[in-house]
Amino acid sequence: MNLVWKIKQRSCNKIKKYKVENNNPISRDRIINDLVPKQFGKRGMIWTSILILICLIGAYAYYRQLTKGLVVTNMRDYVSWGIYISNFVFFVAISLVGSLITAILRLADVHWSTPLTRIAEIIAVSAIVFASLIIIVDMGRPERFMNLFLHGRLQSPIIWDVTVITTYFFISLFLLYLPLLPDLKILIAHRKPSVNKFHKLYVFLGSFWKGHKEQFRLNDKSINILCVMIIPVAFCIHTVTSWLFATTYRPGWDSTNFGAYFISGAFLVGAGAVVVAMYVFRRYYKLEKYITEFHFEKMGKIVVMLGLLYLYFNINEYLIPAFKMKKAEEEHLRELFSGSYSIMFWFAIFVGMLIPIFILITKKGRKPLPMFIAGIMVVVGAWFKRYLIVTPTLLHPFLPMQNVPESYKHYFPSWEEWAIAMGSLAGALLVITFFVRILPIIPIYETIIEQNEESQKDIAV
Amino acid sequence: MSESNKDHHNSRRNFLIGGISSAAALAGCLDNNHSFKTDEPVQLTGEKVKLLSVDGDIIEIDRAFLKPVPDLPSLTNDEERKGIAGKKFVMVIDLARCKNLRKCQSACNHMHQIHPGQNWIKVLGMEDSIHSAPYWQPTTCMHCDEPPCVKVCPVDATFKRQDGIVLIDSDRCIGCRFCMAACPYSTRVFNWEEPQLEEKVAEQHYSCETSMPQKKGTVGKCDFCPDMSRKGELPHCVQACPNGVFMFGDLNEDSVTNGSETFRFSDLIKEKAGYRLMEDLGTKPSVYYLPPVNRNFPYESGLENQTKEL
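For the record, the sequence lines run as chains A and B.
Numbered per my numbering, the first sequence spans residues 766 to 1226.
Numbered per my numbering, the second sequence spans residues 2 to 311.
These are calculated hints, taken from the structure and not from any lab test.
One thing to keep in mind: the hints can contain errors.
[Claimed, not checked] The calculated lysine-lysine pairs, modelled on DSBU-like cross-linking and capped at a C-alpha distance of 35 Å, are:
#1 A:LYS1091 x B:LYS152
#2 A:LYS1063 x A:LYS950
#3 A:LYS965 x A:LYS803
#4 B:LYS68 x B:LYS83
#5 B:LYS68 x A:LYS1092
#6 B:LYS271 x A:LYS1092
#7 A:LYS1132 x A:LYS1051
#8 B:LYS232 x B:LYS68
#9 B:LYS217 x A:LYS833
#10 A:LYS833 x B:LYS104
#11 A:LYS1092 x B:LYS161
#12 A:LYS1092 x B:LYS104
#13 A:LYS1174 x B:LYS216
#14 A:LYS833 x B:LYS152
Between the sequences and the hints, there should be enough to build the whole structure, so can you do that?
Below, the structure written as structure tokens:
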């Protein structure tokens, strides 16, 4: 106990030292001015228009799918789950980071992550929304969605997934909203042209917040309770998602390792996404004073740790079956290691895991730009990794693929599938983009408090 | 006491009035498009027909009031989900008799109007290990007693009946395809597009037992033809096979037949060393196979149909 306390003290001192060295406390007005949402610049407009365009193409592709049926996809009876499901798994994975940055670090009494909490939480909320949407896109009969509630059967992992994803969505939404309340008060008072048009929205969302002591007490308490709640729910959403596969007999899915394998991978890709978002926001919103190199340093270490953890579960997942080479597994593993999926497989292993670990394990690698590159590698590698988890398995059924048209024996997504999948990714980015335009991405109030504490301590010293 | 009685009476009367008025409202809501509407002028024929009313009285009405009943289901969805009482259907497939003629397949495809290219019955060219002899294996739905597909279905659209048959309710299926991922026998097919049906079939009332008409965006598979069993007939594949490969019957009666020969099921399985596919998965199939020994045809005689496919 004593030791833990000492370590905490030491790391606190380190943080203080670091902050004092690099940052003189910033004044309240300065913080508000810096962190209040800004209008899109030219680049922002181009970025948003491109995202909207991709979304529209996706929407058109979905319209085609609705009218013609799932035949517009290249999924067929053997590969009955394709890019939609792998995209779904990707979204669920990335949304787990909300719980990591907000809840786990908060409960572990880590304070440096405060400026990152909202980034993590908005990634979580938008990802979980698009996870739900993409799963509806995958349904052959989306208009029967309500059957899940009218005729739901508890023994089906899909019902578990619906339950925990809904729960996770609402907890994440509250974890996004409750810390926003003090900021909304600031925004309501701050009537500048860049945020004036959202004034009504701010009033609607936060006018009841007067900033009384009692309100703060209740708010803090609620956030703490939600932080405790979201951790088991976060573990549930991704474990249950892994069970969609692990509850079947298929080679490559029939694994007791799957829950932990999915969760560790999810934390890794989520942390990678936060690193990318940190870099982008810092650069384009000039937040160098708020998201410092110190934050990158810390996040870099977290990514390395998560990368090693994920690597460990990957070794379990592939090398143990490969040691035995059971008949059904053999075909599947050969296809991954040296067959038609080998390039993608080794890409996911190297680019998604090993190279980022090697970059971030060095001190130089934990500077913003190399971290941004490593973050992109982690996220892209993770996307392909999900594809590899879903598709190749389905091409290795127990009985031979015969008496079917040739097109049933392989799978590459059709343009409609690509358009819808990319549209959903663009949609998630669009939600984040609009969020940043409307609400402060770095918590203003908490930053002010921290800077005040800092300056008071300095005075005391 | 009387006060409370009165209250009671009042509430009962209110209840009745409420019930009547809501029934009236309900009647008003129902539109008049159903086939029994009477408000259009009827040309009386003068010919009277005697009918039994719902109260048990014999009434006489003019023939003009009689209308043909549109195709109404003979069984309710509940009855179809329960299955045939006292039965436990079982199939035996004799691999020694199969020469990949695929008459089973074409009969099944025709009778169920399966999408071109898809099959509920697949005749697989199997070779278990490198030195063992190849053989033809017709594969239907195994109608497992521990069906993995039923376990994972989120909406009870695929279900196990008391007679052992696993069916799909295409009116309920949401098209998530989890059952297809779960089935180790890859027996399930999906209606990726609007099924191409004959007009007569398309107009037919949907039934889980006939699996017809199939619906876009839902899963389909071999249903063991329970509609045929209800009529006392054998499934289409059993009837279509000229070599008597398929034997169908009832485990409770301990007998299976291919139409021309009938066997005691337990003896047949014992004598010919019957087995089930992927016993180690614990799915407990209802389909048994007799090993391809003392064959009626050489494997090669079936190759022609195999290459036709390619």
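A quick look at each hint next to the structure:
no. : hint                  : result
1   : A:LYS1091 x B:LYS152  : holds (26 Å)
2   : A:LYS1063 x A:LYS950  : holds (31 Å)
3   : A:LYS965 x A:LYS803   : holds (17 Å)
4   : B:LYS68 x B:LYS83     : holds (32 Å)
5   : B:LYS68 x A:LYS1092   : violated (63 Å)
6   : B:LYS271 x A:LYS1092  : holds (29 Å)
7   : A:LYS1132 x A:LYS1051 : holds (16 Å)
8   : B:LYS232 x B:LYS68    : holds (27 Å)
9   : B:LYS217 x A:LYS833   : holds (9 Å)
10  : A:LYS833 x B:LYS104   : holds (32 Å)
11  : A:LYS1092 x B:LYS161  : holds (31 Å)
12  : A:LYS1092 x B:LYS104  : holds (32 Å)
13  : A:LYS1174 x B:LYS216  : holds (24 Å)
14  : A:LYS833 x B:LYS152   : holds (30 Å)
Against the hints set out earlier in the document, a violation occurs for number 5 only.
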